[in-house]
Structures are given as structure tokens and as C-alpha cells.
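Asks: What follows is the residue order along each chain.
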Amino acid sequence: MADEAPFQFLHSEVIEYIYKSADSGEENGRNITKLENMGLRVGQGLIERLTKDTARFKDELDIMKFICKDFWTCVFKKQIDNLRTNHQGIYVLQDNKFRLLSHLSAGKQYLEHAPKYLAFTCGLVRGALSNLGVKSIVTAEVSVMPACKFQVMIQKS
Amino acid sequence: MNKQSNSELFTLTYGALVTQLCKDYENDEEVNKQLDKMGYNIGVRLIEDFLARSSIGRCQDFRETADVIAKVAFKMYLGITPSVTNWSPAGDEFSLILESNPLVDFVELPDNHSTLIYSNLLCGVLRGALEMVQMAVDVKFVQDTLRGDNVTEIRMKFIKRIEENVPAGDE
Numbered sequence: 001m002a003d004e005a006p007f008q009f010l011h012s013e014v015i016e017y018i019y020k021s022a023d024s025g026e027e028n029g030r031n032i033t034k035l036e037n038m039g040l041r042v043g044q045g046l047i048e049r050l051t052k053d054t055a056r057f058k059d060e061l062d063i064m065k066f067i068c069k070d071f072w073t074c075v076f077k078k079q080i081d082n083l084r085t086n087h088q089g090i091y092v093l094q095d096n097k098f099r100l101l102s103h104l105s106a107g108k109q110y111l112e113h114a115p116k117y118l119a120f121t122c123g124l125v126r127g128a129l130s131n132l133g134v135k136s137i138v139t140a141e142v143s144v145m146p147a148c149k150f151q152v153m154i155q156k157s
Numbered sequence: 001m002n003k004q005s006n007s008e009l010f011t012l013t014y015g016a017l018v019t020q021l022c023k024d025y026e027n028d029e030e031v032n033k034q035l036d037k038m039g040y041n042i043g044v045r046l047i048e049d050f051l052a053r054s055s056i057g058r059c060q061d062f063r064e065t066a067d068v069i070a071k072v073a074f075k076m077y078l079g080i081t082p083s084v085t086n087w088s089p090a091g092d093e094f095s096l097i098l099e100s101n102p103l104v105d106f107v108e109l110p111d112n113h114s115t116l117i118y119s120n121l122l123c124g125v126l127r128g129a130l131e132m133v134q135m136a137v138d139v140k141f142v143q144d145t146l147r148g149d150n151v152t153e154i155r156m157k158f159i160k161r162i163e164e165n166v167p168a169g170d171e
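Listed in order, the protein sequences are those of chains A and B.
For the record, in the first sequence the residue sitting at position 104 is 104 according to UniProt numbering, with numbers rising by one throughout.
For the record, in the second sequence the residue sitting at position 96 is 96 according to UniProt numbering, with numbers rising by one throughout.
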């Protein structure tokens, strides 16, 4: 859809900028963190508007389902394809065709770049959850392009 | 809800970018330059996306270009249709008037950023996109609602036609 394009192009350019402007000795980790922090703020802002008129959530699982359906649809125009949990605070969200990876080739050589394209979204999820009162750590990994898994670890405060 | 929320994603991400740039650079002028550069990088790729989606043929003249930008491109990507006005007598300059600018929803410029051209990315995008269709243009904001003006006005000036690169030996 055309209206997804501006965000996707902007997202790619933000990644380019973060990496180009990093000092040559700078570790990848710092750049990933910068991207994640940007995503965090956006996620917080976005969830606020999305849940303005929503009823309170029943429980943690209810919140995660909202992320997988409503939130993911708002951001990526599709739902999470598979949600798994150990019912002890760990959730794995699988997106079989992650929008922000689909422009990268499916070859193995691009796998090492994939984390750059996941960092912002990890922050997005973490930010959304934090504004819903859930503290978490979100990581992501690509198994086979363009499928990826976001792992959410709920932090009990 | 989808359309609105998707433009919010873009708006919020853009805001996060500008915030990051203001942290990274010491003055507004540097931020403006960086936004223009990033916009340019986006523009040179966005044009392909645009041409693929819109199947618009080659524009006959700058007036047609202006209409396509305002009525097709802006509508397609940002959901707004700026008006095209203030043509120069020579027909090489015009203004895009934006009643509303999706990039600045919920944004307020802090006092110490009075020379920041918040939406400068747009200028770069337009410049980069048109360069790919052989037009060198100058694009700049002349009015900005963020700075207290009633409307947002982008001025576009045609500089020259860029010759297409012809491979050596291809007469």
C-alpha cells in the first residue's frame, strides 16, 4: 500500500543515518540501542492514541493479543502470524513476512544486516507495552528471511 | 482508523528522527542540511515506487509536473492535496500550499530552535525524486505553520533539464 511507503523509506534512511554518523570505532550495539530507543518513543506515542477508547485489558495475555492483532495491524497492516507463550512471562511473536525485511534479499549474506531492521520494531513493542503498564525486554531474530520472531520477556517489577 | 494511525506512525517516527538530529548536531542549520540530505536519499528511491504505482507517463511541462506532485504524489503518500499557486510569469516557479502538514501533528518547536525547518525532509524528497526524472529543481519552505504562519508554503523552482547519461558509443 502506498501509505506504508513513507514509513518504510524513512525507516531505512534512519538506519542509514545512524550507521553512517556513528564513529568508526563505534560498536554495533550502540547503534542498535539508538534505533531501539527511537522505536520506544514512537511505540509509546502510538499506543496512547490506539487505546484511547479501548476498554481495560483483562490480563497480560489480553495485552499481548492486542499487540499481535490491533497494534501489528496498525503498524504493519497485518497481524502477527503466530503467538506462543510459556505462560511464565515469555512470549514469542512470529511474523512470517515482516514488512521491514521484505526488501532485503533472502540470501544468507543479508542475515547479518537483519538486526538493524529489527531494532526499531523491538523498541516499538517495548514502548507500546510500557505505556500499557508492562515492563519488558524485547529481542528479535531472523530465522529465514523474511520471517522473524520477536521475543518478549515480561519483567516483574 | 488504519489510514490515520499509519500516518501517525510516520509522523511520530519523523519526530523521533528530528529529535535525534537535534541531539547530534549543534545548530539548526546542520539539522536542516541533514534533513534535506536524507530526504534526497529517500526521493531518489521513492520516485521509482511512485512511477510503479501511479503509471503516470512523462510530464509534458512543469505545470503538469506541479499537478502530478500535488494531486497524485502528495495524495498517495501523505493523504493531502496541496494547492498549486503563485506561478511565476515564466512558468518556472510555483508554490505548494499545504493547509495541513501531517509531519507536524502534535509538534511544537521549542524556543531554542527558531531556525529549524522541521519538515525540510520534504524538500529533499522532492528534489531527489525530480532529479531522477531529469529535472533539477530548487525547493524550499517559505511559510511554515510551525513558525506561526497561517499556512505551509513550499516554493519550487525549475533550474534546468538534466541530460540523461548516454553510454559511450551509443550515438
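Worth flagging that the hints you see were computed from the coordinates, not collected in a lab.
Here the structure is a predicted model, which means the values were calculated and not measured.
There's no promise every hint is true.
[Unchecked claim] Residues on chain A that point at chain B, a partial pick, calculated with CB under 7 Å:
no.	residue
1	5
2	7
3	9
4	10
5	13
6	14
7	41
8	42
9	45
10	75
11	89
Positions of the beta carbon are idealized from the N, C-alpha and C atoms, including for glycine.
Asks: Each hint: holds or not?
Replies: Each hint, compared with the structure:
1. Because the closest C-beta pair between residue 5(A) and chain B is about 5 Å apart, less than 7 Å, the hint holds.
2. The beta carbon of residue 7(A) comes within 5 Å of a beta carbon in chain B, closer than 7 Å, and the hint placing it at the interface holds.
3. Taken as an interface hint, residue 9(A) checks out: its beta carbon lies about 5 Å from the nearest beta carbon of chain B, inside 7 Å.
4. The interface hint given for residue 10(A) holds, since its Cβ lies 6 Å from the closest Cβ of chain B, which is under the 7 Å cut-off.
5. Interface restraint check: residue 13(A) against chain B, minimum CB-CB distance 5 Å, threshold 7 Å, status holds.
6. Proximity of residue 14(A) to chain B holds as hinted, the smallest CB-CB distance being about 6 Å (cut-off 7 Å).
7. Evaluation of the residue 41(A) hint against chain B yields a held restraint, the C-beta minimum of about 5 Å falling below 7 Å.
8. Against a cut-off of 7 Å between C-beta atoms, the interface hint on residue 42(A) holds, since the closest Cβ of chain B lies about 4 Å away.
9. Hint status for residue 45(A): holds, given a least beta-carbon distance of 5 Å to chain B, under 7 Å.
10. Given hint, residue 75(A) at the interface with chain B, holds; its Cβ is 6 Å from that chain's nearest Cβ, closer than 7 Å.
11. A cut of 7 Å between beta carbons decides the hint on residue 89(A): the least distance to chain B is about 28 Å, and the hint is violated.
Figure legend: structure checked against the earlier numbered hints; the only hint not met is number 11.
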